[in-house]
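Guided by the hints, dock chains B and C onto chain A, whose structure is given.
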Amino acid sequence: MFWFTFKKESSSFKYAVLLALLSFLCFFNSAAQAESTAAFRGQTGVLRISGGTAHIPVMKEVSKIIMQAYPDIQISIAGGGSGAGIKQVGEGLVDIGNSGRKPTEHEIQKYGLVLHRWAFDGVGVIVHRDNRVQALTKGQLQDIFSGRLRNWQEVGGVDKEITVFTRDEASGTRNVFWKKALAKKVITNKALVVASNGAMKAGVSHNPYAIGYVSIGYLDKSVAAVVLDGVKPSLEAVQKGEYTVVRGLYSNTKGERDGLTKSFIDFLFSQSGREIIAKKGLIPAAR
Amino acid sequence: MTKIWGKRVFSSSLLDSRFLFLAATVVGVLLTLSIFAFMVMLGLPLFSVHSLTLLLTQAWAPDQGLYGVFPFICGTCAIVSLSLLIAFPLSLGNAILIHLLAPRRLARFLHQVVKMMTGVPTVIYGFVGIFFLVPLVREWFSRGSGMCILSAALLLALLISPTMILVFLESFSAIPATHLRALEALGGTRRQKLLHVILPGARTGIITGLLLALGRALGDTMIALMVAGNATAQPESLLDSVRTLTAHIALVMAADFDSIEFKTIFACGIILYLWTAVLTLSLRCLHFNYAKSSHDQSL
Amino acid sequence: MTRVFDFLLYVFAWLCGLILVGAFGTFMVFLLTQGLPALGFDLIFGGTAIGDALLLKRVVSDGLLPAIIGTLLLIFLALVTALPFGLGAGIYLAEYAGKRSKSFFSLIFDLLAGVPSIVIGLFGFSLTIYLHKRFTFLTPCLLISALALALLVLPYLIRSTQTALEELPTTLRLTSAALGADQATTIRFVLLPQAAAGIFSGIILAIGRAAEDTAVIMLTGVVVSAGIPRSLFNSYEALPFYIYYMASQFSNQQELQQGFGAALILLSLCALLFTLAWLIRKKVTARLLYHHH
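Residue numbers (our numbering), protein chains in the order written: chain A, 1 to 287; chain B, 1 to 299; chain C, 1 to 293.
Chain A extracted, bound-state conformation:
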């Protein structure tokens, strides 16, 4: 009957074809997804994840797909930062502990951690969209973060005090940024401290005179990414090796695990998993 009505008008017919195509695509898509989530079939229980906040967008997306396909599986995601992720998985409080830095040899030994690096990521400097200063040298950056440069005027901006945002000491993002961008120079204690990548971005996007740093996966139009030593932080620049403030994103388990934990980590390395990782602005890594 629908066909009948559609046939009457050619434009409706076009729509119908388009619709059919779309639904076919959707079907195809979900079929592909179903295939990659097949490992979860018949599994039940709770999977607890915590730690690095750069991981959260991917974790949320993946768990949403799994939980919607299999309502008997419950996945809980907490932030806390890399330090918390490593510690909590080590103590057995969670099943997967994420970290935005490689766990130290000491940590790996002590807890018997197994590392799964499923993505590469860069840490980019961000300022407010309206900030005139959108390029800095590493030297200037270090001076700003150490508190030596206090006014945007000194780096070619407006005559306003610079608000520096940083992360708490347990953050993997802070750790990588401090080592690779600040060359382990001191970070001023006047810096505002936030607890996650998301909080950093939200804070900087709402303060015209702020500067901070986030996982490249978090970069979007709400903030401006700062060109560092002539290189704009982006996935391409990281891939080409031009942008050097890079790190791996790890999901750590205590020993080799099976069941839900294994299926979840396998999913991150599957085709669908890699697509989600790329969609969230990160570079998928091979096992």
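FYI, nobody ran anything at the bench for these hints, they're computed from the structure. Yeah, the Cβ is synthetic: ideal placement off N, Cα and C, and Gly gets one too. The reader is advised that the hints may include incorrect statements.
Pairwise CB distance ranges, derived in the manner of DEER restraints [what the hints assert, rightly or not]: (1) Leu54(C) / Arg132(A): 51 to 57 Å; (2) Arg132(A) / Thr275(C): 51 to 57 Å; (3) Thr33(C) / Lys232(A): 35 to 41 Å; (4) Pro45(B) / Gly259(A): 33 to 39 Å; (5) Ser268(C) / Gly259(A): 37 to 43 Å; (6) Glu139(B) / Arg132(A): 41 to 47 Å; (7) Leu106(B) / Lys160(A): 32 to 38 Å; (8) Tyr290(B) / Arg3(C): 33 to 39 Å; (9) His106(A) / Ser103(C): 49 to 55 Å.
DMTMM-like cross-link-like pairs, simulated, lysine to aspartate or glutamate; straight-line CA separation at most 20 Å [said to hold, decoys possible]: (10) Lys262(A) / Glu242(A); (11) Lys232(A) / Glu242(A); (12) Lys262(A) / Asp130(A); (13) Lys160(A) / Glu236(B); (14) Lys99(C) / Asp110(C); (15) Lys232(A) / Asp220(A); (16) Lys254(A) / Glu105(A); (17) Lys64(A) / Asp110(C); (18) Lys102(A) / Glu139(B); (19) Lys279(A) / Asp62(C); (20) Lys160(A) / Glu139(B); (21) Lys221(A) / Glu255(C); (22) Lys279(A) / Glu255(C); (23) Lys254(A) / Asp258(B); (24) Lys102(A) / Asp63(B).
Using the frame of chain A, we list chains B and C on its own:
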């Protein structure tokens, strides 16, 4: 209270309700004390590595091996005292308005509003603070980030005022009507009523309100965590960002359990516990003395 | 001079009233204008069919439903745990304790009432970590949060029970004793019903406190995303934490709107609970009046 039922020597059964009630009480007491014991127990390893004086006086810079919580004590003091400085006159004014000056209808309306305000969740104050107050403060003073002592204190003042106003009002209305009527009969003015009867009579109540509000401000986590900026430097101006002891606990929770950073939060816990305990004890003394003096007077 | 002082006092008091009402009004208007547009079924169910969501057939991943249910469960569990202890201790203090022990116990409970909620959260967290070494299934979860919250609201329950009982006239006790009732009977059948209204107001306070507290739960098991908890040992979501999370890290305008929506829902939830408890209290009082006159 008059003794009506004497102590029974033989209890009819072990499960006599009296013992159940006593057990409930003892559980509560043990839990209260064990909070402190636990903090001390978990904080002890820290004190063996790091002397208590260093901990209380040093700056916070884990990169350089400094783990002092002194800046956070300063931050807490700054925010709490500024918020009291704002909230105390505000609350006193409101209590006077409601009790003495406003027309009955308006007074009742104000009283209702104040009661309603006590029910507003702290996190909502913080939420609105971030998106409304912080940008305003940043633009007004065109200095700093807006996440500062001032913003946090303004929000805290809004949080603690209702409690204070209610305690003030209660103590105002506890003043014997006979005193007021006596003054009226003598032709006293409203000012005399306030200055010579109400305020002196409600002195204990006013101090009680102040101490209770102080405890509330001291113990609040969310407002400071959300709008004070959490910087680890020692504050020099009202527009500086600070971290309070409570916010420090919330932030460093994420750290490695074995690290010294993590153990400092037990020090913060102990400081907060002792601080509020001192407040509670002084309230107790205040009321004890008050009861004694009013007893003496009535003799 | 007197005139000037009176005038100044007048101005000061009215100004204070204006500032307070103005500040609170601005706060409410801002919250309402920002939050009202966000309200709707989508905010709560995130596009999932309502029936499916409530029957746990489908998972609500973009809505507030798990957070709302988490908060309600927290309130319920905390209250159920705290109530027996609160009532028991309140009754003990009011009816049984001697002068000395009463003074000691109530000092301790005043202490507990003063302990900052984050310290209670820290206690819950460290106790869990401590116990986890022996009982590995025990991790920060709904149960731990509820227990910590119970400890937080305990002093409110004790205090209100105690005062409600102490405020009853001695004649009640005397009459009951004269009729041959022992103390336990008197408490159960005479004093407690009479004190119900006062006890209920303590429960109202406790509910409000448990619903709004963020510091305790953020240390003891609340997470960003978990769905509706299936057991006491699961992580969970809760409204106040959701609001905190959105405030600090919304990633787009829509999430910010959801944050405002959540704030409004929490505020209405608190208002609703208060009204409900108020109605119950009124009804209880009315029933008592009906019974005794």
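Exercise. Are there hints from earlier that the structure breaks, and if so, what are their numbers?
Worked result: Per hint list: 6, 7, 10, 12, 17, 18 violated.
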